[in-house]
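These protein sequences, in sequence, are chains A and B. Basically the working numbering = 1-based index in the first sequence + 1. Basically the working numbering = 1-based index in the second sequence + 302.
FYI, nobody ran anything at the bench for these hints, they're computed from the structure. None of the values given here were measured: they were computed from a predicted structure. Glycine included, every Cβ here is placed at the ideal spot set by N, Cα and C. There's no promise every hint is true.
Derived list of chain B stretches under chain A, where covered just means 3 residues or more per stretch with a C-beta under 8 Å from a C-beta of chain A [unchecked claim]:
no.	region
1	322 to 333
2	348 to 357
Sample of chain A residues lacking proximity to chain B, with all beta carbon distances greater than 10 Å (derived) [to be verified]:
no.	residue
3	V33
4	L100
5	I127
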Amino acid sequence: MWNDTTITREDLREGARRIQWWELALGILPVVAIRFSQHQLLLAGHSDAIRVALFVLPLPAIAAGIWGMLRRHRSNNEFEREVVRAGAVKGLVLTAVCLLVLAQIQLAFGPGPFSIAYTDLWMLPILAAVIGGATEMRRYTRR
Amino acid sequence: MTNRLAELREAKGWSQGELASQLSVSRQTVNAIEMGRYNPSLPLAFAIAKLFRKSIESIFDPD
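Looking at chain B on its own, in the form it has when it is part of the complex (with noise of 0.2 Å):
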């Protein structure tokens, strides 16, 4: 699975950090989905498309 969620920060200037303390998980789980090393729970996929306002398909593929 591949996902934009790395692009989507930067476009907001937001670091790794940050977005992790926006989505209450840790740096390391943000860094392990952009590497695409780790795939979300459903929740946490949701909580990830309502904080950019997109579609939860408009940021992960299945490939």
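Just chain A, same shape as in the assembly (with noise of 0.2 Å):
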């Protein structure tokens, strides 16, 4: 029987019930998508054509994502929609502040450990917004 803590290993079970194999898929494909264009526009010697091609690719793989996670978002309740609101919001916070600090770093000494390539930058506010659901889960249910 589920009990009054926060969050139970039997919550993470269910969670875990309701996530599809293709909805994983489809958070995977963009990010081996859009890493395998970037890897070849970075090499030299594709015609123009091809370089389009690959510009193009991963696109159907970023609107399938999106797509997944707009109906991932509608099927959650009101209680999960408000925790996933509140986190992108937090998210977006961290992400301007990361930015700032990632740039101020930069100036301060130059290239660095710190330095971050402009093509790896989309994936900061991603990884931004899941730090920020996360912490807001805790925080609605922490005892």
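Take the two lone chains and join them into the complex the hints point to.
Quick look at the structure:
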């Protein structure tokens, strides 16, 4: 029987049961497509037509990923939507702060271990939204 | 906002999970409402009131 503690193993099992295999695929596919496209575009030797094709390649995967995220969001109950919304707001602020700090470090000390490539910046808001969502869920459900 | 959800649920002998499945929400939703960290929407408040056969204001108190 579920008890009154914060997030139980049963909650996590229930959450995992709700995730379909194709939803995982829709999450992974855009990342693979973007990384492959970026890797190929960094290489010299491709013709302009191939470069355009490589540029367009991740777009269907990104569209499918966004569709999957929206579908999941619509199937969430009102509390889960509230947590996602609050997490996204927190993630937005976190992204801005991270970018500011990284830029300041780079300006102060030049390119170093904290430098982040322009091509990797898209990961930052996604990571920040995940962290924001997790901390919001913790805030709402802790004892 | 305070509420008597935990008290009413325990009087029925239900776990948070059992109440959650009757309301078609997650257990965390029930937990967050009971802890006073989340205020339910009007439809959910009506569903809770209907389930316990009470008025909304007898369950939720705006303080």
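Each hint tested on the structure:
| no. | hint | in the structure |
| --- | --- | --- |
| 1 | 322 to 333 | holds (count 7) |
| 2 | 348 to 357 | violated (count 0) |
| 3 | V33 | holds, 31 Å |
| 4 | L100 | holds, 31 Å |
| 5 | I127 | holds, 23 Å |
Comparing the model with each earlier hint shows a violation of hint 2 alone; every other hint is respected.
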